[in-house]
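Colleague: Sequence:
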Amino acid sequence: MAKRQSSTQREECSAYKKLKTCSEELEKSVDSAGTADEPSNYPSLLDLSDDILLIILSHLHPIDIEALSKTNSRLNIICHDRTLWTEVDFRPYPLLASGLEKFIEFFLPITKSIACCGPSLPSNEAQTSPPPAALVDPPAPSSPSPPPPPSSSPPLPPPSSSHPPPSTPPPPPAPPPPPVDYTMTHELMEAISRQAYQLRKLILENQRINTSELLLEYFPSSLEHLELKSSILENMPSQQSYFFDVKTNLPYLKVLDLTGNKWFLPHSLLALSKSATLKELILAKCMNLCDCVPYASLAALYGFRSLQVLDLRGTLVEDSDVSCFNRISTLRQLYLEAPAGVEGGRRLITDMCVTSFGGVRAHHNHPHAPHHRAAPGQPPPHHHQLELNRIGVLLLEAYPWRVQQPSQLTCLVVRNYTAITDISLKHAGTCLPNLTSLDVSGTSCTEAGVRLFQQQRSDVTLLSDYPATLPLPLPLLNNR
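Numbering (the UniProt record's numbering), first residue to last: 1 to 480.
Please keep in mind that the hints were generated in silico from the structure rather than gathered at the bench. Here the structure is a predicted model, which is why all the values come from computation and not from measurement. Hints may contain errors.
SDA-like cross-link-like pairs, simulated, lysine to any residue; straight-line CA separation at most 25 angstroms [what the hints assert, rightly or not]:
id, residue 1, residue 2
1, K274, F244
2, K247, S230
3, K262, S320
4, K279, T248
5, K70, T83
6, K201, F107
7, K229, K247
Ranges of calculated distance between the beta carbons of each label pair, as one might list FRET restraints [to be verified]:
id, residue 1, residue 2, range
8, D51, N288, 49 to 55 angstroms
9, H80, E187, 21 to 27 angstroms
10, S113, G341, 31 to 37 angstroms
11, P467, L215, 45 to 51 angstroms
All C-beta atoms in this analysis are idealised placements derived from N, C-alpha and C, irrespective of residue type, glycine included.
With these hints in hand, go ahead and build the complete structure from the sequences.
Modeller: Put into structure tokens, the structure is as follows:
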């Protein structure tokens with residue numbers, strides 16, 4: 001009996017000690033909670049002044065700034081500072097329309113530039129039409145199957161007609177296609193136009209846009225620079241171009257970059273040519289831009305009054321297509337390059353294209369052009385004969401309009417076309433007096449032709465397959 005009482009007392013004593021220990025720990029936790037609001041001795045980000053915090057935030061990505069704005073009321077005010085949202089670039093992080101909507105509150109009237117990109121789009125989605133039947137491999141003829149090996153077991157009796165086999169259930173219906181997540185909608189574009197109504201530059205990459213909803217009229221009318229690269233535009237209008245009435249919807253547009261868009265068709269050249277302010281048109285890697293003589297000739301004849309830069313690299317344009325643009329008197333820079341996968345340019349661009357720019361009538365008195373005097377008793381040589389003697393090919397008879405006005409080209413790029421020869425170098429040296437940069441790398445120009453051109457035109461920076469002759473890199477091509 002005494003042993004039981006002693007064991008009970010020991011248990012009560014240990015329980016009392018545990019209870020006392022728990023109460024002491026609880027008191028310590030309460031004391032620490034009471035001092036949480038007191039100033040700490042450790043440095044904090046909020047100890048910095050607003051100016052220092054603003055400098056730190058200016059080096060962060062807009063997505064990080066938006067996340068910090070939710071942590072503290074003071075940081076929320078600083079994160080909305082106008083200096084952080086003058087030029088906004090969300091790249092390289094892809095954003096859908098739902099992700100971009102939460103940044104609308106940060107855009108301000110002084111926001112001048114916005115750049116964003118969507119998720120990577122597979123290249124096969126841009127193809128809207130199936131391949132022709134002639135390009136589809138026919139199915140291989142089926143070989144006769146060998147007879148089944150003889151079986152030792154007796155054959156099964158045929159099924160009785162009184163018991164037909166059970167019918168197989170119909171296959172379940174196909175699930176509906178998942179909804180398409182568009183990266184830009186007309187509601188989002190209208191919100192951007194309201195918040196940043198002085199926006200000058202808009203860059204959109206890898207976008208998926210429904211053109212039946214997002215019309216060109218929803219874009220900010222104050223835009224001067226618009227880039228729409230590597231995007232998919234669905235439900236394109238069939239009766240007119242997407243850029244119809246661009247002169248009204250974007251009256252201040254100066255630069256339009258449509259690199260890598262398979263939906264761009266030649267008839268859109270007519271719509272774009274009506275813009276009186278457009279100075280740079282970049283159509284690189286627009287693979288459906290070909291056979292555009294009817295549209296390019298009308299566009300160059302009646303439009304493009306301010307166009308200075310034309311980039312057609314990586315397209316399937318040919319001599320006849322590019323020659324139409326020699327009527328644009330304001331054109332200063334022309335960029336041509338054979339598309340990848342087309343060996344030697346497949347004679348897309350030849351000397352005929354280069355010699356269609358510039359002419360003898362305008363430049364036969366230029367110091368770079370040789371003088372031709374009439375022999376005694378002979379009439380003075382005709383201008384057409386001068387061109388034939390100097391270049392050695394019959395060009396002017398086929399294209400008489402090309403000498404009606406001088407060419408103002410200052411930069412010419414004809415890269416990776418094997419049909420470009422020394423004839424183009426001779427023509428550029430004599431008939432393009434304003435030329436300052438020339439790129440003939442990957443062509444059939446010989447080393448002798450390059451040396452001769454450099455002797456005649458030392459004022460031109462030449463880029464060729466002979467790097468030892470290069471004085472300096474072409475300044476205009478570094479950013480192209």
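Colleague: Determine for every hint whether it applies to the structure shown.
Modeller: Here is what the structure says about each hint:
A threshold of 25 angstroms between alpha carbons decides the hint, and for K274 with F244 the separation of about 9 angstroms falls inside it, so the pair holds. With a C-alpha separation of about 24 angstroms, the suggested pair K247 and S230 falls inside the 25 angstroms cut-off, and the hint holds. Restraint check: the Cα-Cα separation between K262 and S320 comes to about 21 angstroms, which is no more than 25 angstroms; the hinted pair holds. For the hint pairing K279 with T248, the CA-to-CA distance comes to about 16 angstroms; that is within 25 angstroms, so the pair holds.
Distance restraint check for K70 and T83: the Cα-Cα separation of roughly 19 angstroms lies within the 25 angstroms cut-off, and the hinted pair is therefore satisfied. Taking the CA atoms of K201 and F107, the gap is near 13 angstroms; set against the 25 angstroms cutoff, the hint holds. Simply put, K229 and K247 have alpha-carbon atoms about 21 angstroms apart, close enough for the 25 angstroms limit, and the pair holds. A hinted range of 49 to 55 angstroms for the beta carbons of D51 and N288 is consistent with their spacing of about 53 angstroms.
A C-beta distance of roughly 22 angstroms is found between H80 and E187, which places it inside the suggested range of 21 to 27 angstroms. Between S113 and G341, the C-beta spacing of about 34 angstroms keeps the proposed range 31 to 37 angstroms intact. Separation of P467 from L215 is about 49 angstroms and conforms to the stated range, judged on CB atoms against 45 to 51 angstroms.
The earlier numbered hints are all upheld by this structure, with none contradicted.
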